[in-house]
Every structure is written in structure tokens, then in C-alpha cells.
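Chemist: Line by line, the protein sequences give chains A and B. If you want the working numbering, it's the 1-based position in the first sequence plus 128. For the second sequence, position 65 matches number 46 in the working numbering, and the numbering has no gaps at all.
No lab work stands behind these hints, which were simulated from the structure alone. Watch out, some of these pointers could steer you wrong.
Claimed, not checked - Label-pair ranges, simulated between beta-carbon atoms:
1) A/Arg333 <-> B/Tyr63: 34 to 42 Å
2) A/Ala542 <-> B/Ala28: 31 to 39 Å
3) B/Leu(-14) <-> A/Leu500: 21 to 29 Å
4) B/Val108 <-> A/Asp548: 22 to 30 Å
5) A/Leu500 <-> B/Phe152: 31 to 39 Å
6) A/Ala542 <-> B/Ala93: 34 to 42 Å
7) B/Arg96 <-> A/Gly547: 23 to 31 Å
8) B/Val4 <-> A/Val362: 35 to 43 Å
9) B/Pro35 <-> A/Asp399: 29 to 37 Å
For glycine and all other residues, C-beta sits at the position ideal for the given N, C-alpha and C.
Chain residues, written in single-letter form:
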Amino acid sequence: MRPSRILVLLLAMLSGGGPALPGAAQEQPRRGGVLTWFDYGDPGRLDVHSESPLGVQQATAGIYSGLLHRDPDDPTRIAPDLAERYTTSPDGRTYIFHLRRNVKWHDGQPFTSADVKASFDRILRPDFKSPKCGAVLKRIVASVEAVDAHTVQFQLKAPVPYFAEAVASAWCRVAARHVLEKYGDLNRPEAQIGTGPFRFKRYERGSVIEWERNPDYFVPGLPYLDGVKQYILVGGATQLAAAKAGRVMLWDTWPPMRKTQADELKAARGDQVHVYRHPINTIFVLYMNATRPPFDNPDLRRAVMLAIDRQELVQKGLEGAGVPCAVLDPKLVGDFALPLAEVETMPGCRQPKDQDVAEARRLVEKHHPGGLDIEIAFRQVGNYADRAQLVVAQLRRIGIRGTLKAYESAAGYAIYGKGDFTMIATQDRAMDSTDPGDVFAFVYARDAGSNYARWSDPGVDELVARAAQETDRERRRRMYHDLQRMILGGAPGAVPIAWVEGWFFVDRRVKNYKPAPTVYDNNTFMKVWLSE
Amino acid sequence: MRRLLDRAAWFARRQPLGAAGAVLVTLLVVAALFAPGLAPHGPKETAFAPYLPPSAEFPMGTDHLGRDVLSRVVWGARLSLYVGLASVLVGITLGALWGAVAAYLGGSADTASQRVVDSLMALPPIVLALALMAALGQSVTNVIIALTLLLTPTAARTVRAVALGVKEHPFVEAARAAGCTRGRIIARHILPNCLATYIVLVTTNVSYAIVVEAALSFLGVGAPPDEPSWGGMLTAGTQAMEQAPWLIVFPGLAISLAVFGLNLLGDAIRDLADPRLRGGLG
């Protein structure tokens, strides 16, 4: 076996990340108890392969296992899960996964390589919409074959440095072939049959989702908890009230708490909770529809790029918890990100804003002497309304008069997907991994799943594709630096506002909980236990 | 001028609570009319530090986005009064016409129209308003439309009841005998005799419309979030109630005083306009 050198590098780069939470290494884990937390909305559909909202991931995380996953003891590392080990061919194009034996599905059926093949064949099917796992793997995986009952081979189209991390994504879970054959998809609660540490117990729409311990889990002694109960709590005030009342034991979901909420929680619960600030590997983006007026005009896109005051948006919209302007966050991807010192001197990002606002106003007046009126969309989730109001105020300074239009969450996604908007004031896009290529592949490439702006630049597309397959780290780093300069210095359809951070909490009774570098990972709670 | 002051003094002696209401309503109207001059800053101007407590510079503090709360409260008076007056004038006028025509025509036309009124009034007002806003979308104009649809059936039912009595008067019979058309009888004889009821409906429902607008904005379906709506300001304030209580105190106070003043004044006008209706409408 030859562990991927890039993976080792990545792990070395990431080691030491993450907040310091109350540890439990020296304490003897206690079995029993039900952990409670919450989801910001009702997931509705539960198919982890075909859905993308965080709520779906939260609802099903503990039910399934992956070939690899983020190590529950150190989520910055990739660790074996259903695959006890894997090997890579010398040319980096073939990965062979050796599966655990004696693993059972929750309904008692044996787990085999046929399940892995069925799952990934489904995810990779060209006509199957898989916005998370499939969006990444379809670009790089040529085929998946079951070598024998306990060995699976992945053939890649080209060697890529992030394959193991991509497979370890919480969206690339393995589902049972017989379940897929029986139900056709994984949307229904009764189809939630996995090999994970918990079994799906109950789903009351709009109210609660419950898991119970899987007594046949393939890791002996785990999980420690009897179950996990996830309340569906919509709205910051409700979520905070539940936290203050001790009804939820942790807050490690989107949206994070704002500082004022964190202060309120600390005042209410004192040392019963541990409150911490943490990046969530999520970029806050403003979109302009590049296929319809007025933002089909690059001058106007550039004007918005120059006028938006990212520092103010972070200060007021995120209460200071964010990294303004960055296309890549150095905290998350190290030196793949442009140094912030360079970013902060670029037009549009530099302070004070006077010079950039004047130039932006000139560009607007050049095409619309009396200014222009536009409709600005946002989804009514988190504090998007606050951010959108700041955007409207900032655009008014350059003669763009915005009228806000609020959409219910799912309706907003539908409108964005159809391109039926002029501007989206604010949209957070969580990354699926810590690979620096994610943000370009998800937001800026022509076929990116979250390229709501429908913007494309052949130069950017070509560089995104090349960088994704570049195995020389230094060359790859330079490519991503070039991409960041192209975006910050150009007129893209998506303005990178900031990398989002926020405040979270863990109840002191919750032990061994380790937040992951992405919001989607390490939500299985397989090694979490309660002290009382 | 002296005569006006004498009348005001007479009104204050006759209706002291109504006079107090008139003072509050006057303040509301002045704030609404002269908001650009009275507000120290723009209501959407986010140029200041967030969460500044009340001080000499910002008498009502600043909100979470760094906007002057005093300026938003003052501009909020304009929005509230605009929504309240527009929806009430349109809604009550349409309802009054509907009620008067139905009452005069009688028969199956009246019966059918009353079943429509029954259907609209069967739904809880706030639920109907929420449904309408969900269908129409979030905007100030749509709030006015939703409120108009809430107020019209109430006015239709009330004015119809009055018009049923009016149409039995001899002067209506005389007009009919003289060959007046239905339209003329309704316009010249029925409606003028429903005017007292109309005025009472208008004055008592402006406060109701303001409260419903605030409730819709509080629930996030009323005025767009950047508009200085008192209800919207309350919603934003609930996010930091403990650290920045001024964010809910001042808009809350504005709603309470405006509604209190309008109700006191409305009651007084009702008593003066038609003492027979004392306590009968609201």
C-alpha cells in the first residue's frame, strides 16, 4: 500500500486546526443517554446521494458509513470506514479498496462490494442528479468495479490529488443495493437502512428526527449514545431559546450563532456550555445574473465588485466573524490562498472605499446616467435579510437602487436554479472538502453546481480544470493564486464577500465531540458520549 | 384661529381622552409628514457602528446594522400612516359601496353578496392576511392590498345594516316615486346617511390596519426588511433583546402610542358623530 503523498501533505497542513473543545481522552466513556441538537429546517427528502441541503446530511449522517470518512478523533484526518485499507497504483489512476468483513445492514443483510458498486454506479450515472458527491466524482471517476465480494476498484480518468478526500465526503455514503432496488431512491424514512452507528428511528415532519443505537455496529463498543434526537427549529430566536433552556446540547450547524447570541447564551448558561468560534468552510457570495441585463454587461459587474464593502458586511452582517474578500481562506487551505495582505490591497477590497466607489459610480453612470433599479433576491434563512439590507445600502451609493425580494428557502433555490433573478444579495456555499479547488469547481466554473450567475470565462474554466488535475503542489498553488487574481481583478458573476465563521457551543456534558473542517462531516456522533 | 382654539377647547372638555388621542395622532401625522426634516439620518443609512446605546448623538441608539433607530422610528410613522390610511380608505370605501348597493338592491343579489362576506369573514384575519401576502409577495403595496381585502367585508356588513334602515325612510320612497334612478338614490340618499358610520369605521380601523401591518412585518411577510416598518424593527430587535433592549422598546412604544391615540380619537369621533353607536362598533 502506498498512501497518497498529497493526502499526507494535506493532513499535515490541516493538523492543529479546529477549536479546542473539552477533551475526554483521559476520561472513561460512559454509555447511554440521548444527545439532542437541531436542524435549521425540515429536510423533507432524505436521499443523501441526490440532495444537497445540510439538513439532509444532518438527518442521515449517523445512519450510513462511507468507504473512508473523517476520523472522529481528529476530523482533519481521513480514516478508513467500511474500507479497512486502500491501495493506489503507481500512476495514481487506480484505487483499490479492501472492505471490512462481517458488516451487516440495519435490516440484517450482509454488506458486500456489490453495495459499493451499486451506490457509486448510481452516483456516477450521467442522468442521475447528484449535486454533492456526484458533482465531484463524475469529473474524475471512469468506472467502479467489484473485484470480489470484499474488494472494489475505482478507475480514475486522470490522477487527482484529492480523490481520497472526495470519497471520504459525508455525501458519498454507501447505501444497500437491495434497498435501492426495493425503493428506487433513499428519500423515505423506511429506506434509511445503513451500516452506520445508529438506526433511523423516527421522523416527524417539521418536528423531530430520531436515531437509536445500532447494536450490530461493526466497530465493537460503539456508539456510546443510546440515541440522537434532532429537533427541527426554524429561526434564530427559537434556536437560541432552545440552547438557553438546555434543550439542545450543541450548536454545530448552519447558521452559526452571532456574537450577540453567543454572549446571551454564555450569560444564561455560564460554565454549563463551552462557546467557541470556528470557521465553517463556507463562502458568502453575491451573485449577478450574467445572462440578462443589466449584469450581462461586464462594466456593471465590475462596478458591483468594486462597490461592495466586504469589511462592512463582515463587521455588521457576520458580527466580525469572517474573512473578508478572500476567494480562498488561508485558515482552511494554507498557502493555496493568496496572502490576505495582497488581497486587502486589491481594488474592491482595499479600505477606504472612496476610490473604488467613485470608479464604480462612473461605470454605472456610463451605461445608466440616471442610475438603475433592480430587484435583489434572497432566501429567508439565517440572517440573510440583514446581509441583503447592507448590500442594498451599499449599492445605493453607486446609483443602483435595489428592491429586496424574499423567497422561502426551497422556492429561492428553485428560482436561482432557473436563473430567474437579477441579483442574489447573499448565498452561503459550504465546501464539501478542504481541497482548494472546491470553490472554483462549485461556484466559478461554467458547469459548477452553484454557478447561479451562469457566468463563464474560458480562461478561468481552463485553469480550474488544469489545477484540479495538477499533482505538483507548487504548480497547483501558483495556478490557484492566478485564479484568485483573475476573479478579484475581473468582473465575475459571483462576488466573493467573505469566508464565514461563527460561534458555536457544546454542552459540558457532551464529551469527545470534534467539529470537522466542513459542516457536513463528523455528524455521526459515533464516539461522542454524555458525562451525565 | 380663535374660533378653532375655542372648538378645540370645547372638544377637550367634552372628550378629554379623545383630546389626548388627538395629541398623539397629531404627533404621528407631523412625524409622517415631516419625516425627511425631523429624522437626523436616512432610515436606510448604515453608516454608524451597530448596537450603540441611546445617547445624545443617537437618542434611540443604533440597530444591529448601524442605522439610527430614531430616524427609522420617525420614517416608520410615515410608513404606518400611509399603509393605515391607504388600506382603510380604499377598503372601507369599497366595503361601504358594496354594503349600500347590496342593501338597496335586496333579494338574491343581497343574499349572494352576504354569503361572499360570510366566506371572507369566516377566516381569521391574520391567517387570511398571511395567505394573501404569501400569494402576492412581500411589498408595501401588497400589504395595502391584503389589508384592503380584510377590511372590505367588515365595512360591507356594517354599512349594509345601516343602509337597510335608511332605505325604509320616506325620503327614499319619495325619491323613488319622483323617478330617481337606483344609482342616484344610492349616491344621493343612502350613502350620505351612512356617512357617520363610514367615518367611525375609518377612524377605528386605521389603528387596526397599523397593528396588522406591524404584525405582518414582524412575521417577515409584510414590508421588505429594509423598509422602516415598526413591526420589522421589532423582529430585528428580538435577535438581541437582552444586549440591546432599545431595539424593541422604541418601535414597540411607537406602535402602542399610535394605536392608543388613534383608538382614543376614533372613540371620541364616534361618540360625537353618532351617540347611538357608543360602544357599538370597534
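Chemist: Does each hint hold? Answer for all of them.
Modeler: Hints, verified against the model:
A hinted range of 34 to 42 Å holds for the C-beta pair A/Arg333 and B/Tyr63, which are about 40 Å apart. Judged by the Cβ atoms, the range 31 to 39 Å given for A/Ala542 and B/Ala28 holds: they are separated by roughly 36 Å. A hinted range of 21 to 29 Å is violated for the C-beta pair B/Leu(-14) and A/Leu500, which are about 51 Å apart. Judged by the Cβ atoms, the range 22 to 30 Å given for B/Val108 and A/Asp548 holds: they are separated by roughly 29 Å.
Hint check: A/Leu500 to B/Phe152, Cβ distance near 59 Å, so the stated range 31 to 39 Å is violated. Here the CB-CB span from A/Ala542 to B/Ala93 is close to 39 Å, well matched to the stated 34 to 42 Å. For the hinted restraint 23 to 31 Å between B/Arg96 and A/Gly547, the CB-CB distance of approximately 45 Å leaves it violated. The supplied range of 35 to 43 Å is met by B/Val4 and A/Val362, whose beta-carbon atoms lie about 42 Å from each other.
Evaluation of the 29 to 37 Å hint for B/Pro35 and A/Asp399 yields a pass: the beta carbon distance comes to about 32 Å.
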